[in-house]
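My request is simple: use the sequences and hints to build the entire structure.
Taken in sequence, the protein lines are chains E and W. Sequential numbering from 1 applies to the first sequence in my numbering. Sequential numbering from 1001 applies to the second sequence in my numbering.
Accuracy of the hints is not assured; some may be wrong.
Straight line, CA to CA, 30 Å or less: simulated DSS-like cross-link-like pairs of lysine-lysine [what the hints assert, rightly or not]:
#, chain 1, residue 1, chain 2, residue 2
1, E, Lys138, E, Lys65
2, E, Lys252, E, Lys4
3, E, Lys28, E, Lys4
4, W, Lys1134, W, Lys1083
5, E, Lys9, E, Lys72
6, E, Lys252, W, Lys1134
7, E, Lys72, E, Lys252
8, W, Lys1134, E, Lys9
9, E, Lys173, E, Lys241
10, E, Lys72, E, Lys16
11, E, Lys65, E, Lys16
12, E, Lys16, W, Lys1105
13, E, Lys138, W, Lys1105
14, W, Lys1134, E, Lys138
15, W, Lys1083, W, Lys1105
16, E, Lys255, E, Lys275
17, W, Lys1134, E, Lys16
18, W, Lys1134, E, Lys255
19, W, Lys1134, E, Lys278
20, E, Lys241, W, Lys1134
21, E, Lys72, E, Lys6
22, E, Lys173, E, Lys279
23, E, Lys72, E, Lys4
24, E, Lys6, E, Lys255
25, E, Lys6, E, Lys252
26, W, Lys1035, W, Lys1083
27, E, Lys279, W, Lys1134
Hints were generated in silico from the structure; no laboratory data involved.
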Amino acid sequence: MKIKMKSIKILYNSNKLYSEISCDATYKNECSEFSIRLVFTGHEQYNLGNRSFNIYPGNFLVINKDTTYDRKIYSHTPSNTFAVFFAPDFLSNFHSSIVSGDDRLLESPSGAPKNDPSFLETIYPFNGHMMCNMLNLKNYFDSGEINDLLVDDYLYHSLLLFYQLYNQEILSKSQKLAIVNSRTRAEIFKRLNVAKDYMLSYYNQPITLEDISNTACLSAPHLFRTFKQTFQCSPHQYLIKIRLDNARHLLKTTKYSLNEIVNMVGFTCASTFIKLFKKSFGHTPQNYRQQHPVMLYTEMKHSA
Amino acid sequence: MLRYLPNKEIHSLILYLIAMQTNNYIKSPTSTTDKAVELLVQALEFEVINGEYLFEDGKGILLNNPHGDTLLITQQNETQPGKPVIINTPDCLKSCFQLSACGVKIIDHPYYTTDGLAAELSDQFGNRYLLIEKRSLIEN
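Here's what the structure looks like:
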C-alpha cells in the first residue's frame, strides 16, 4: 500500500510549512519563495536547471525565490520530507536587521533598502542547533495546534542559524582558496560545490574522481588541489566521510543488517568499512549499534 | 520553618528534600498561588506531587516534571528576588513563548550555548526561571 500524506500551513505573514510522507510523487516546474528543504527519512531528488541533487537525512537544500525546480520522491519505504518557505518580506526584514547596524535601523525603522537576499543553492549539513530547532518545529507542526507567532520565533532562529552556517560553509571556505582574482575564486568555489553536491547526492554509487571532475567542469588535478584548499581533505576522503556518516545514521535509525548498510552506503568491502568506521568513530559498527539502540523515526519525534 | 509534614509517600518526601537542597523553590503570595501552579502545569509540563505542606506563612506545593526537575512553591507575602530556578525543557523556544504569553517577563531571550539553548525569565514576584534545553551536539 502506498502511503501519501501532505500537510501545509500558511501563516498570517505568508510564511509556509509543508510536510509530506510519500513513496512515489513527482512535481514539475515548481517555483516559490526562498525555502529550506529537509528529509527526515528516505530521500528526495531535486532538479534545478541542469543540476541534480539527492537530499538525504543529515543534509538540507536551499532554493532561492523564483528558481524553477522539479522534485521527485521515489522509494520503497515512505520518505518524510519537510520544507519551510520564507515570505519575501520576512526574509528581507531579517536580512536588513542582520546586515544593517542599529544606528541605521533607528534612522529608517521600516528597514533600510529592502532587497531579496539570495544564497548559493547547494547542499548544507543538517546538524547541531539547526537540526534541533527544525526537529522541534516539525514536532510542533505535527502536534496540529499552531500559534503563528511561535512559528515566527522558530523561523527567526532558523534563519539566524542558517546565516551562521552560510558564513561558515560558504563565505569562510571560499576565502580559503588561494586565488587572487575574486571573480575566478567565486567561479571555482561554485564548481567545487557542484563536486561536493555530486558526492553528497550519489555517494551510494561507485563514483570516481573523473566522474566528479567532469560534473564540476574542473580538471582532475585542479579539482584535487582546490578541493583540498577549501574543504581541508581530498575528494576521496570527503566521499568516505559521507559514506561513514550515512552508515552511522542508518545504524542508529534502522534495523538493516551490517552487510546491507555496507552496500547501501556504497562500500564494496565490509572489512574495509569496519576498519574505516572504527578509525573515524572509535567503535566498531557492531559496538556502535549496541550502544545506540535503534531509534525509529516515530520514536525520534517524541525524544527530540 | 516546617511545622508539619504529612505522612505521605516517601517518594514525595525525597523530592521535597531535593527541592530544598537544590534551592529549587519559588515564592508566591497566597492569593496567586493557584495561578502560579496553573502556569507551571500548563506551560512547563509540571505535575503537583503534594500540595499540603504547611509552613508558617502558608502552604507549600511540591511539583515535578518528566525532565527530572522538582520545584517547591511556598506561599509568602513578602517576596524577594533570589537565585533563578533551573527548569529543563525539551523545547526552550516553545516554553519561553508560553511563559511569556502568560505574562512572565523575558530577561534573556533564548541564546545558544555549547550544551543547548537557554533563556531567563522573571515573574511579577521577582522569581527567576532559567529554562534550559539540553542538546547533544557532539555526535550530530
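Structure-based check of each hint:
no., hint, verdict
1, E:Lys138 to E:Lys65, "holds, 22 Å"
2, E:Lys252 to E:Lys4, "holds, 25 Å"
3, E:Lys28 to E:Lys4, "holds, 18 Å"
4, W:Lys1134 to W:Lys1083, "holds, 20 Å"
5, E:Lys9 to E:Lys72, "holds, 21 Å"
6, E:Lys252 to W:Lys1134, "holds, 20 Å"
7, E:Lys72 to E:Lys252, "holds, 26 Å"
8, W:Lys1134 to E:Lys9, "holds, 28 Å"
9, E:Lys173 to E:Lys241, "holds, 18 Å"
10, E:Lys72 to E:Lys16, "holds, 20 Å"
11, E:Lys65 to E:Lys16, "holds, 13 Å"
12, E:Lys16 to W:Lys1105, "holds, 29 Å"
13, E:Lys138 to W:Lys1105, "holds, 27 Å"
14, W:Lys1134 to E:Lys138, "holds, 18 Å"
15, W:Lys1083 to W:Lys1105, "holds, 16 Å"
16, E:Lys255 to E:Lys275, "holds, 21 Å"
17, W:Lys1134 to E:Lys16, "holds, 28 Å"
18, W:Lys1134 to E:Lys255, "holds, 27 Å"
19, W:Lys1134 to E:Lys278, "holds, 28 Å"
20, E:Lys241 to W:Lys1134, "holds, 27 Å"
21, E:Lys72 to E:Lys6, "holds, 14 Å"
22, E:Lys173 to E:Lys279, "holds, 26 Å"
23, E:Lys72 to E:Lys4, "holds, 13 Å"
24, E:Lys6 to E:Lys255, "holds, 26 Å"
25, E:Lys6 to E:Lys252, "holds, 26 Å"
26, W:Lys1035 to W:Lys1083, "holds, 21 Å"
27, E:Lys279 to W:Lys1134, "holds, 28 Å"
Hint violations for this structure: none, all hints satisfied.
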